[in-house]
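So the protein sequences, as listed, match chains A and B. Taken in order, the first sequence gives residues 869 to 1281; the numbers are from this note's numbering. Taken in order, the second sequence gives residues 869 to 1281; the numbers are from this note's numbering.
It should be emphasised that the hints constitute simulated quantities derived from the structure, not laboratory data. Errors might be hidden in some of the hints.
Remember, identical chains collapse to one label, so a pair may be satisfied in a single copy or spanning two.
[Stated by the list, open to error] Here are the simulated DSSO-like cross-link-like pairs (lysine-lysine), alpha carbons at most 27 Å apart as the crow flies:
1) Lys-961 to Lys-1094
2) Lys-1278 to Lys-1189
3) Lys-1074 to Lys-1110
4) Lys-1230 to Lys-1179
5) Lys-992 to Lys-1278
6) Lys-994 to Lys-1179
7) Lys-1074 to Lys-982
8) Lys-1099 to Lys-961
9) Lys-925 to Lys-1142
10) Lys-916 to Lys-895
11) Lys-1138 to Lys-916
12) Lys-1189 to Lys-1212
Number of protein chains: 2
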Amino acid sequence: MISEIISIGDEILIGQITNTNSVFIAKELNKIGIEVGQITTISDNSKKIIESLNLAKKRSNLVLITGGLGPTKDDLTKHTLCKYFNDILIQNKEVLSHIEDIFLKYVSTPINEKNRAQSLLPSKAKIFKNKYGTASGMCFKRDDVYFISLPGVPFEMKEIFKNEIIPFLKSEFSRETIVHKTILTYGLGESAIAERIESWENSLPKSIKLAYLPNLGRVRLRLSSKGQNEKEINEKINYRIKNLYTILGDIIVGIEDETSIEKKILDLFKNSSKSLSLAESCTGGKIASRIVNVSGASSYFKGGIIPYNNKIKESLLNISKKEINKFSDVSKEVAIAMAIGARKKFNSDFSLAVTGNAGPKKGNNNQPIGKVFIAVSSSDNTFVEEFNFGNHRTRIIERAVNKSFEILLKLLT
Amino acid sequence: MISEIISIGDEILIGQITNTNSVFIAKELNKIGIEVGQITTISDNSKKIIESLNLAKKRSNLVLITGGLGPTKDDLTKHTLCKYFNDILIQNKEVLSHIEDIFLKYVSTPINEKNRAQSLLPSKAKIFKNKYGTASGMCFKRDDVYFISLPGVPFEMKEIFKNEIIPFLKSEFSRETIVHKTILTYGLGESAIAERIESWENSLPKSIKLAYLPNLGRVRLRLSSKGQNEKEINEKINYRIKNLYTILGDIIVGIEDETSIEKKILDLFKNSSKSLSLAESCTGGKIASRIVNVSGASSYFKGGIIPYNNKIKESLLNISKKEINKFSDVSKEVAIAMAIGARKKFNSDFSLAVTGNAGPKKGNNNQPIGKVFIAVSSSDNTFVEEFNFGNHRTRIIERAVNKSFEILLKLLT
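Can you make the complete structure from the sequences, with help from the hints?
Spelled out as structure tokens, the structure:
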């Protein structure tokens, strides 16, 4: 079975917002064994919507539509679907009372006719309740093709999708299992890797697809396969990965999984009852902000100092002016002093410090743009690593953040 | 004239990455007056690519294709385009020496045959040099439709697009001007706004399109129009906006423009020669990390403290334990004390402090999840504002960050 996603919204076509809804839906569909064959974004335009539905119908068994279900004039999806499926709108009392309830509880302005009209829904469609909003989800069926329309506001859509659509799809379709495993490598370009694994790649069975995903100094290799028997597919892929380790073992960092590196680090710190603090110069708080995005971070993260100005390195991290002048603020010595300073200030078990030149100007130190030092300190040991992350500001920062998480993970495992 | 974008890549269809390339291209095309009618994502599959090219050809004058130009086996775009346009590959000597140069300068591994093969390019296509990589851009033309193929690695694609494709498109097409103006409102839902502006909306000429964009407590209203005379279009839209102010003046925050709020704040601080420091509790460094993303931030940003643990509020920001115990760490009083503490520690002209409950657990204070206090301090004045940002952790953090930037902007204007 094959599905596709149609996102409706001028804001995507003019580059005003990123289509994150389709990323979420594609990922969730893959998890339950439904392949996504195409993602299409079109404008809020009835003719265009109908044209796209007609094309999608020929290609797919399931069409997910997002957007255009709001209460205002520019929202055309509901009326267009009614026209397409020769349906009429009727009032859904349950949805009406849900909408009234939302206004009573959460909205400071009184309910109006436009809000109430959100309970007028196609008579033939199966309706899915929108817990967080007033635009219901709906499902039509024609010639064995399912069309499911969902609101475009991401957090409303996600809630309906997880709690209503997934169980519905599981009950309606017999599905295969899709398995993706992604191997993280570091230090070689994709063509160099391709050369090393050529005979391994050529020996892959047709049922396993290999993809190369190069990004910011790393190449990820994804193996994908699908079938009825999940255990068999996993074994088949794992066997190939085992062989891959014998060829690329020196550059493989690990297998990517659903758990983010932030979550893994949280779990490791929690289990060991250790605490962490940060001193972030060039990364300016980005490591900390990714740490606190994960709930439970307060169990191990004591906080951080962002000494963006050298005087702050002196006053808050107790680094001597002499040391900074001698070695410059972007140096091994200052990175180490920052880590030790943070660990002592926060009284934490571990600390991590980053200092570097993110450019575009060179600054007062003599280091080239892209040079970054990352130091880690504990009461037992303090060490520092030196990197060169290229010459593009936001990429340098991003790579320094990623590398810091890698170092923290290694430290704890 | 109308264009469309075809993104090639299984990684988008399985939800492994977000299609940010199409956002960038759509925005850039809009700027030079080329409308994007559709964005399509398909898999790395020759049949699918050809099917999509055939459909796109019927709808558009210009088709932008990204992805599938790498040196490895899973990259099929170049060969598929050759087949589609009955072309053959020939070696491009200039591109070959560029590739050899890249390997000499930036890559630690020696160049191999796969890398050299990147200089084999379709004989009939116009070739665009990829400054940062080995996959060239190329343009084919058939029946007055232009097909431009670009690499999928975002920073390589962006460089070619800005420096090669934009000038090329400007020279090849006579284009209209597209104007979008987006008005930011705060405090009313979209249906309440729609009700208030109903007669204004109904009086809009057909040539102006209105869109409602609700998101995280704000509704943005976008007015779009296009035509030959840029000045005329701007005047037409500005006239409508002026009228809108008389109806919605109380909830309009301003007009959205290309300059990010971070950049505006940087410019304002720079012009006034003032400095800033931060104390971020629940936002955990996210405000700082957005500040330092903009180059030049060091001219005003002295740094920040992330006192994620209450003891750190005491030791680093000089807030008394008594005060925290009396008012709790999520309180007006502690927000104010944090702001004053940061300003003094960093010796900055201004400081901003955030403390709040991001959930999912309530913590030791008595405040509900979503409660956030933001305080600003200068030597003249210190004030605090109280907010309730809902009950979803990352949304609470995101809204607190956005609000902090709004407050900083207001402070300086």
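Up to 27 Å CA-CA - Lys-916 versus Lys-1138, copy category: neither (52 Å within a copy, 48 Å between copies)
Alpha-carbon proximity between Lys-916 and Lys-895, which holds within one copy, between copies, both or neither at 27 Å: both (26 Å within a copy, 21 Å between copies)
27 Å Cα threshold - placement of Lys-961 relative to Lys-1099: Neither. Shortest intra-copy (46 Å) and inter-copy (50 Å) distances fail the 27 Å Cα cut-off.
Within, between, both or neither, where Lys-1230 and Lys-1179 count as close if Cα-Cα is 27 Å or less: Cα proximity of Lys-1230 and Lys-1179: one copy only (18 Å, versus 37 Å across).
Homomeric proximity label, Lys-961 with Lys-1094: Cα distance no greater than 27 Å: So Lys-961 and Lys-1094 fail the 27 Å test inside a copy (43 Å) and across (42 Å) alike.
Copy assignment of Lys-925 with Lys-1142, given that the CA separation must stay at most 27 Å: neither (55 Å within a copy, 60 Å between copies)
Intra- versus inter-subunit Cα pairing at 27 Å for Lys-1074 with Lys-1110: Close inside one copy (18 Å), not across copies (63 Å); limit 27 Å.
27 Å Cα threshold - placement of Lys-982 relative to Lys-1074: Between copies, since 22 Å is at most 27 Å while 54 Å is not.
Within, between, both or neither, where Lys-1278 and Lys-1189 count as close if Cα-Cα is 27 Å or less: neither (32 Å within a copy, 36 Å between copies)
Intra- versus inter-copy proximity for Lys-1212 and Lys-1189 (alpha-carbon distance at most 27 Å): both (18 Å within a copy, 20 Å between copies)
Alpha-carbon proximity between Lys-994 and Lys-1179, which holds within one copy, between copies, both or neither at 27 Å: Neither, since 64 Å and 54 Å both go past 27 Å.
Lys-992 and Lys-1278: within-copy, between-copy, both or neither at 27 Å Cα: neither (56 Å within a copy, 51 Å between copies)
Comparing the model with each numbered hint stated earlier shows that hints 1, 2, 5, 6, 8, 9, 11 do not hold.
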